[in-house]
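Engineer: For chain A, the structure is supplied; the task is to place chain B on it using the hints.
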Amino acid sequence: MNDTSVLDIQGLSGGYSLNRPVLHDISLQVQPGEMVGLIGLNGAGKSTTMKHILGLMNPQKGDIRVKGKKREEDSAAYHGALAFVPESPLLYEEMTVREHLEFTARAYDVSQKDYEERAKKLAQIFRMEDKIDTLSTHLSKGMRQKVMIMCAFVARPSLYIIDEPFLGLDPLGIRSLLDFMVELKQGGSSILLSSHILSTIENYCDRFIVLHQGKVIAQGSLQEIAQQAGQPGVPLEQLFYSLVQGRD
Amino acid sequence: MMDLSELRLKRRSRFWGEVLPYLGYVIQSGVAVLTLFLIIAFSAWYTSLVQHIPAGLPIRWIMLILFVPLTVNSSFRTYMQSADTVFLLPQESRMNQYFRASWTSGVIYKMIGVTLVFMVSWLLYFRADVDPKPFWLFLILLYALKIVASIGSWKEQQMVSKRAYSSYRLLRYAVIALALAAWLWQPAGKSLIFIALLVAAYMASLKIPSRHLVAWERLIALEKIHSGRVMLVLGWFVDVPGRQQRVYQRKWLSWAGNNIPWKPQAAYRYLLTKSFIRSDILGIVLRAAVLGALLVWWTRGTMLGSGIYLFFIFLIGVQMSSLLRYHSESFWLTVYPVPAESRHTNAVLLAFQIQLMFALLMWLPMLGALKSQMSTVFGTLVVGVVVCALFRFFLSRKVPKDEDDE
Numbered sequence: 001m002n003d004t005s006v007l008d009i010q011g012l013s014g015g016y017s018l019n020r021p022v023l024h025d026i027s028l029q030v031q032p033g034e035m036v037g038l039i040g041l042n043g044a045g046k047s048t049t050m051k052h053i054l055g056l057m058n059p060q061k062g063d064i065r066v067k068g069k070k071r072e073e074d075s076a077a078y079h080g081a082l083a084f085v086p087e088s089p090l091l092y093e094e095m096t097v098r099e100h101l102e103f104t105a106r107a108y109d110v111s112q113k114d115y116e117e118r119a120k121k122l123a124q125i126f127r128m129e130d131k132i133d134t135l136s137t138h139l140s141k142g143m144r145q146k147v148m149i150m151c152a153f154v155a156r157p158s159l160y161i162i163d164e165p166f167l168g169l170d171p172l173g174i175r176s177l178l179d180f181m182v183e184l185k186q187g188g189s190s191i192l193l194s195s196h197i198l199s200t201i202e203n204y205c206d207r208f209i210v211l212h213q214g215k216v217i218a219q220g221s222l223q224e225i226a227q228q229a230g231q232p233g234v235p236l237e238q239l240f241y242s243l244v245q246g247r248d
Numbered sequence: 001m002m003d004l005s006e007l008r009l010k011r012r013s014r015f016w017g018e019v020l021p022y023l024g025y026v027i028q029s030g031v032a033v034l035t036l037f038l039i040i041a042f043s044a045w046y047t048s049l050v051q052h053i054p055a056g057l058p059i060r061w062i063m064l065i066l067f068v069p070l071t072v073n074s075s076f077r078t079y080m081q082s083a084d085t086v087f088l089l090p091q092e093s094r095m096n097q098y099f100r101a102s103w104t105s106g107v108i109y110k111m112i113g114v115t116l117v118f119m120v121s122w123l124l125y126f127r128a129d130v131d132p133k134p135f136w137l138f139l140i141l142l143y144a145l146k147i148v149a150s151i152g153s154w155k156e157q158q159m160v161s162k163r164a165y166s167s168y169r170l171l172r173y174a175v176i177a178l179a180l181a182a183w184l185w186q187p188a189g190k191s192l193i194f195i196a197l198l199v200a201a202y203m204a205s206l207k208i209p210s211r212h213l214v215a216w217e218r219l220i221a222l223e224k225i226h227s228g229r230v231m232l233v234l235g236w237f238v239d240v241p242g243r244q245q246r247v248y249q250r251k252w253l254s255w256a257g258n259n260i261p262w263k264p265q266a267a268y269r270y271l272l273t274k275s276f277i278r279s280d281i282l283g284i285v286l287r288a289a290v291l292g293a294l295l296v297w298w299t300r301g302t303m304l305g306s307g308i309y310l311f312f313i314f315l316i317g318v319q320m321s322s323l324l325r326y327h328s329e330s331f332w333l334t335v336y337p338v339p340a341e342s343r344h345t346n347a348v349l350l351a352f353q354i355q356l357m358f359a360l361l362m363w364l365p366m367l368g369a370l371k372s373q374m375s376t377v378f379g380t381l382v383v384g385v386v387v388c389a390l391f392r393f394f395l396s397r398k399v400p401k402d403e404d405d406e
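Those sequence lines, one after another, are chains A and B. End of the first sequence = 248 in the numbering used here, gap-free, step of one. End of the second sequence = 406 in the numbering used here, gap-free, step of one.
Same shape as in the complex, but just chain A:
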């Protein structure tokens, strides 16, 4: 275990049923200021891993620590240190964009002044200024996804768990998101990002964790994974293909 890790998972096994765990002895860390790509085929266990981190599922074995704290030790500190962007937007139908941001800021104890500055900047970056007082039910799917992203970013925790954030976003939205993630990373925040668009995340993530059938089959920087796959200089997409092919 590394004391400086923002996220530290040791020997995690878990799933929906005790007899059939989805995750098998997973260990991974995310360091401060690091963006880590969690990649795998459908059903590899990416979302289940994230659910365990978020506390939506309890590990059958192993430990999860966020900033050195387990959820059962200090739930408020644990949850206060992370923000989540789900694959499909989950919004309160009865709240406007602004109210979602404000609720998040209040929950994360962000000062009113910081909230106002951040909300203004995020609305500008994601081009949502004219939708700020619109109810979430009246937004398109891409806009709803932007609200999810804005909510996570208004909280400014130490760790972001981001699941397939590019789904439904327009090209400008994807660019804004990537740029903002880089800015956050430079500011010391950590990001665990899951995506199937490997060509996009290849240039942004510092490290990658390859999950296959609930196990970590490779992890490290692009070069390290290329070495593990025995294919130096090859793009991530091809490396991933080589790593998972024939493992069924």
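In short, the hints are calculated from the structure, not lab data. All of these numbers come straight from a predicted model, not from anything done at the bench.
Straight-line distance between alpha carbons at most 27 Å, and here's what the computed DSS-like set of lysine-lysine pairs gives:
{"id": "1", "chain 1": "A", "residue 1": "K131", "chain 2": "B", "residue 2": "K263"}
{"id": "2", "chain 1": "A", "residue 1": "K120", "chain 2": "A", "residue 2": "K185"}
{"id": "3", "chain 1": "A", "residue 1": "K70", "chain 2": "A", "residue 2": "K215"}
{"id": "4", "chain 1": "B", "residue 1": "K224", "chain 2": "A", "residue 2": "K131"}
{"id": "5", "chain 1": "A", "residue 1": "K121", "chain 2": "B", "residue 2": "K251"}
{"id": "6", "chain 1": "B", "residue 1": "K133", "chain 2": "B", "residue 2": "K110"}
{"id": "7", "chain 1": "A", "residue 1": "K141", "chain 2": "B", "residue 2": "K251"}
{"id": "8", "chain 1": "B", "residue 1": "K155", "chain 2": "B", "residue 2": "K207"}
{"id": "9", "chain 1": "A", "residue 1": "K141", "chain 2": "A", "residue 2": "K131"}
{"id": "10", "chain 1": "B", "residue 1": "K224", "chain 2": "B", "residue 2": "K251"}
{"id": "11", "chain 1": "A", "residue 1": "K120", "chain 2": "B", "residue 2": "K263"}
{"id": "12", "chain 1": "B", "residue 1": "K224", "chain 2": "B", "residue 2": "K162"}
{"id": "13", "chain 1": "A", "residue 1": "K113", "chain 2": "B", "residue 2": "K263"}
{"id": "14", "chain 1": "A", "residue 1": "K113", "chain 2": "A", "residue 2": "K185"}
{"id": "15", "chain 1": "B", "residue 1": "K155", "chain 2": "B", "residue 2": "K224"}
{"id": "16", "chain 1": "B", "residue 1": "K263", "chain 2": "A", "residue 2": "K67"}
{"id": "17", "chain 1": "B", "residue 1": "K110", "chain 2": "B", "residue 2": "K207"}
{"id": "18", "chain 1": "B", "residue 1": "K110", "chain 2": "B", "residue 2": "K224"}
{"id": "19", "chain 1": "A", "residue 1": "K70", "chain 2": "B", "residue 2": "K263"}
{"id": "20", "chain 1": "A", "residue 1": "K131", "chain 2": "B", "residue 2": "K251"}
{"id": "21", "chain 1": "A", "residue 1": "K120", "chain 2": "A", "residue 2": "K131"}
{"id": "22", "chain 1": "B", "residue 1": "K162", "chain 2": "B", "residue 2": "K251"}
{"id": "23", "chain 1": "B", "residue 1": "K263", "chain 2": "A", "residue 2": "K121"}
{"id": "24", "chain 1": "B", "residue 1": "K162", "chain 2": "A", "residue 2": "K141"}
{"id": "25", "chain 1": "A", "residue 1": "K131", "chain 2": "B", "residue 2": "K162"}
{"id": "26", "chain 1": "A", "residue 1": "K113", "chain 2": "A", "residue 2": "K67"}
{"id": "27", "chain 1": "B", "residue 1": "K263", "chain 2": "A", "residue 2": "K69"}
{"id": "28", "chain 1": "B", "residue 1": "K224", "chain 2": "A", "residue 2": "K141"}
{"id": "29", "chain 1": "B", "residue 1": "K398", "chain 2": "B", "residue 2": "K263"}
{"id": "30", "chain 1": "A", "residue 1": "K113", "chain 2": "B", "residue 2": "K251"}
{"id": "31", "chain 1": "A", "residue 1": "K113", "chain 2": "A", "residue 2": "K131"}
{"id": "32", "chain 1": "B", "residue 1": "K110", "chain 2": "B", "residue 2": "K10"}
{"id": "33", "chain 1": "A", "residue 1": "K120", "chain 2": "B", "residue 2": "K251"}
Incomplete in silico selection of chain A near chain B, CB under 7 Å:
{"id": "34", "residue": "A76"}
{"id": "35", "residue": "H79"}
{"id": "36", "residue": "G80"}
{"id": "37", "residue": "E93"}
{"id": "38", "residue": "R106"}
{"id": "39", "residue": "A107"}
{"id": "40", "residue": "D109"}
Note that the Cβ used here is the ideal one computed from N, Cα and C, for glycine as well.
Structural biologist: Same frame as chain A, but now just chain B:
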């Protein structure tokens, strides 16, 4: 080939199969006793009213106010689902088969309601009106207008333009109100001719706007509202999981909640306040409060007035108690660092404050009797505040479901 009427029947059985098990709990919750009590109380009051009809009772206005909403309101349970836009779309040209039963049951059940109310109100109308219309002719006219309103409502749902949809809804209310008013105030023959012409013009006008063959999205949205209403009513008595709330924008109230203290302990109150101001519950509570205030004004200074006042506070308290069930399955409340214990305390406090506010507002009309009945007026307020406090006490003792599970 897919049997569409069979599909609707299956969906209907599934929906009511989910609802029926809750009815036992509803009856156990005392609603049967309360309903029986209300029927007995109403019967006693109504009998006395029919026997001693006050002079100058505006019976035509009463009949108009009673029957316009009953005749004009039309809704159809289609049991449609979001996935229908994909899986039933290829059957669009045959969807009449599916909707036939929706239409028939939508009209027939409401006609039974109209008949019941008409038979009860007839006793009063027949005695109070100087020139009452014939019983059968009146009832047949109500049936005919009900069918016209149902046709209008069904066609409105198919209209392409949202503006046409809203305008024709308004037109339907106007046509039915005008027809009923003509019937109540004018001689039968003359008014029937007028109604026939009015209805013919209305039916012809329904042909003007362009319509979808099946307005999939609107029908699905309306079905969500209808099923949500059933669940909402059940939710007054039992915990119904995952019920869909209808959302109203209510821009005029968007300021509410903005001054809540800026701290995590009050974050849930912020969410709850925003949810409440855009919920069905607020509409119900507002209507109850307005009706309560009017009745209190009418009976001010009497024991009946105090009873009505307390009954409406109780009714609002029951409605407000549903705040405790809001967001019980919210994903974000699991992920966000909102203090777990703050949810229950915030919900109880908000429900109490809103109930208390309405208790004070509904009491104001009683001040009209302050000079003659000062002790009754202030005594009623004190009892009203005690009722609110009792609600708060019992709600605070209610253990939230998740804590109970733990």
